[in-house]
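Chains as they are written, first to last, in my numbering: chain A, 1 to 243; chain B, 244 to 506; chain C, 507 to 951.
No lab work stands behind these hints: they were computed from the structure. Keep in mind that the hints are not guaranteed to be accurate.
[Claimed, not checked] Distance condition first, Cα-Cα at most 30 Å in a straight line; then the derived DSSO-like pairs of lysine-lysine:
(1) C:803 with A:137
(2) B:495 with C:951
(3) C:566 with A:218
(4) C:566 with C:602
These figures come from a predicted structure and were not determined experimentally.
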Amino acid sequence: MKQRKLQWITLVFVLGAIMMLGACKKKVAPPPPPAPPAPTAPTASLTANPNTIEKGQSTTLTWQTTNATDVSIDGIGAVDPNGSQSVTPADSTTYHLTAKGAGGTQDATARVTVTAAAAPPPTSSATEEELFSQNVKDIFFDYDKSDIRSDQQSALQGDAGFLKQHSNIVFTIEGHCDERGSTEYNLALGDSRANSVRTALVQSGIGGDHIKTISYGKEKPFCTQSNEQCWQQNRRGHFVYQK
Amino acid sequence: MATAEIFFEHERWGHNLAWSLGLHVVVAGLILLYAVVGPSSHGAGWGAGGGGDAIGVTLVNTIPLPAPAVQTENVLANESKGLTQSLPKVEEKEKEPEAIPIPDKDVKPKKAPKETSTKRQKPQPEPVEANNIVPFGQGGPVSGPYGTFSAGEAKGGFGFTGGGGDFGTRYGWYVRVVQQKVQQSWLTYDVDRRITEAPRVYLTFDVLRDGRPSNVQVEQSSGIPSLDQSATRAIQRIDTFGPLPSDYSGNKVSVEFWFDYKR
Amino acid sequence: MFPFMHRLFKWLLPIVLFSPPAFSQDWIRTGTGLGVEKVRLAVPDFKASTQDAKNTDLLKVFNDTLWNDLDNAGIFDMVSKSFYPLGPVGSPPDVKFEAWSAPPPNAAMLGFGNLGASGNTLTVQGWLYDAKNVTSPQVLGKQYQDAATTDAARTIAHKFADEIIFRLGGGIQGIAESKIYFVSSRSGRKEIWAMDYDGANQHALTHVGSISLSPRVSPDGSRIAFSSLTRTGWDILMYSVDVGRLVTFPRFGGTNLSPAWSPDGTKLAFSSSRSGDPEIYVADQSGANLKRLTSFKGPDVSPAWNRKTGAQMAWVSGRSGLPQIYTMEADGTNPQRLTEEGYAVSPAWSPNGQFLVFSWIRHYGPGAPGAQDIYIMDIASKQWVQLTHDGGRNDFPYWSPDGRHIIFQSSRSGSEQIWTMLADGTNQKQLSFAGSNTQPNWSWK
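Okay, chain A solo, but in the shape it has when bound (with noise of 0.2 Å):
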């Protein structure tokens, strides 16, 4: 026992030199801080993809900015430092950008042509169905849920876009689940999507008559594999353009 009690005062009293020696040491004055460094400048980035559209077509804005806490398009507004979004230019235009930070300023530019329209573009449904099917971009959903997410509300915009743009379309919104859920309830919630980003799409100004939903459930799947990339393939507003 007392090998025991003498074990144990030794541990004590290393443990208790060892804290000793730490605070000891932060007893030392700290070095004197090193001098602030000059704040960096900002960098920005903007491009238009594609920089040649007809017009009537869009385009997307593709911008990207470093150490700058102000970042501004003309004609567009303040955006956020790293972003894109969709234009529909009536005319060929420069897109400026400015980005400004601490270090400074720094601007750039994106140029789009606008070409004047081949021929009046003819209403013929192949056409338009194919810019349909480039231009409205399905919607994806989180498991069980049927609200839009976050970072689906630009794809949403560039949808509502479009779709304002060329107000004639008829389509159908489809509401699709992945296969882990069961029949009934997929069915009804896919029905629950689907009237989800029409709801959205009615807010944003596109006529309801213009709109038709039906839900598949997980009865039409996009893929069969079992992994969480084809589950989320799976989980959508698909939208069908309507002849």
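Starting from the known structure of chain A, arrange chains B and C on it as the hints suggest.
Using the frame of chain A, we list chains B and C on its own:
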């Protein structure tokens, strides 16, 4: 050095004892806690199939064993099995090799139904014949034909009265149906869970021509309302036992049940 | 003293921890009528009563069917034929009581009889005897006549088995003549099919040519309501079993799913999104007098009436996130939540009014879901018991009319198929094998 060692052990024992005691208290406390909290979340406390020993923490209780096979002992429908009493069993077995065991058996129970039908207020022990004394505890209805059963934490017995007294003899299969249905209908979870043991409750009811139970009465209360109610509901919950046998001439048959409850 | 205590605690603790499930299984066996001592029933092959050549086949079908019906009933301990005394038993004089009631058969009851074709007519005589009661053994004696075909032999066997089950099972009708309706994709499209309760006789009913789901037969067996994808969307369609085709039923707009009949056959409940959000509605069986019952945000689907009283309904609601099971009065008041966690769907109410059977994924989240199994819950006490454990996704359980069996769909064999089991989870058997078969529904009698 030897003395010093003994001194060490002494100290160690005391130290370890304190730890051991403490740990045991903690473990005991956890088990107690589980016993209190656990069963309520998964309904473990009640169940059928016999052998409902407590999931208790007291050291005195035996370990809950797997539920023993449900016992059905109906003297009349089954000549080979008997009740847990030596005398009648022996007598029956002796009679088996003889030509017609059934009329002999008729002799015994015939007395009992006649007597019980006249005094329905309080079943009393029938001291008449030694081989009619049934081990029902503090004396119960010895009205035969009778049988026993168990349902979860309860044991029970029953007898068919009325109906000419030989109902059970002739229709052993129907008696068995009645017993099974009551057994499977008694869900003991509606008994107050604080009750661990209760005196016997006696119920009577009629089975009508179409098999419906009716006129369920508590003949003698157990003194615990929730147990009486639980037993009564067991009978009332039954829609039908199946129509009475087609060649039975009576309009109804009376049944007497008793339930013993022990958690 | 201490080591003893220590050992005892170690011993007690695991038993304390493991005994609850055994007890919770017991109350299910009791409430569903299973687990009580079963009657020892011996059923020797029926004897041929004529010399007709057709007898061999007819006897085979009859004997097999009769045996399976009684074995599947869940209330008999069938005495194995290898224990039977030698010598055929075709009529009462053939019965040697001692041979049957003593060991090895040790039978309590004896079913026997004879069968014979004569020209185009088949005659069957059957008796049920109390093997221990020599003086008055007869419980029932029946005679049947029908065409001399194997289908008729099968039907007679079902009828006779049901008689025995009715007598010895305490007045509850046997299910040997009941039917199961389900969805099958084996023709290329999901259509509504029917089969006997034991999986025999599988055949298609509808030929809509689209996607048809959720069949529910009416209490009188005359009509089947189901949900189908039409040009206007998902609609409730009505198939008449009597005339063998679709009959008119109103369209309500929106997505209409999961129809459910009230036990008196006068009303139909279903889910409709005609107002935007899927809610539970009730209409007359003709489709008139539509009334809305729920007003919760989130999908409401899969209603199930209380089969005993018709005064309440269970359904699935996603109003709190993942789908959970709720009950309410039949007029929509007093909603009560029954499940607290996981993903719970497909409720079905037991014929005695006491239990709900449903499908539950208790651990459901992003990523691979946990096991999906069939559970029974006692509605009054909310205690539940798990019935399936063998893997696969198990969904859409439904009760038999006698409350002793449950059918369900399971993917455990590699494809979605219909399975049956006793209501305590034992005796699980696959009924369908071709194509993909889902959403079974048992007839009411």
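Here is how each hint holds up against the structure:
Among the hinted pairs, residue 803 of chain C with residue 137 of chain A is consistent with the structure: their alpha-carbon atoms are about 27 Å apart, no more than 30 Å. Distance check on the hinted pair: residue 495 of chain B and residue 951 of chain C sit about 28 Å apart at the alpha-carbon level, within 30 Å; holds. Among the hinted pairs, residue 566 of chain C with residue 218 of chain A is inconsistent with the structure: their alpha-carbon atoms are about 44 Å apart, more than 30 Å. Between residue 566 of chain C and residue 602 of chain C the alpha-carbon distance is near 24 Å, which keeps this suggested pair within the 30 Å criterion.
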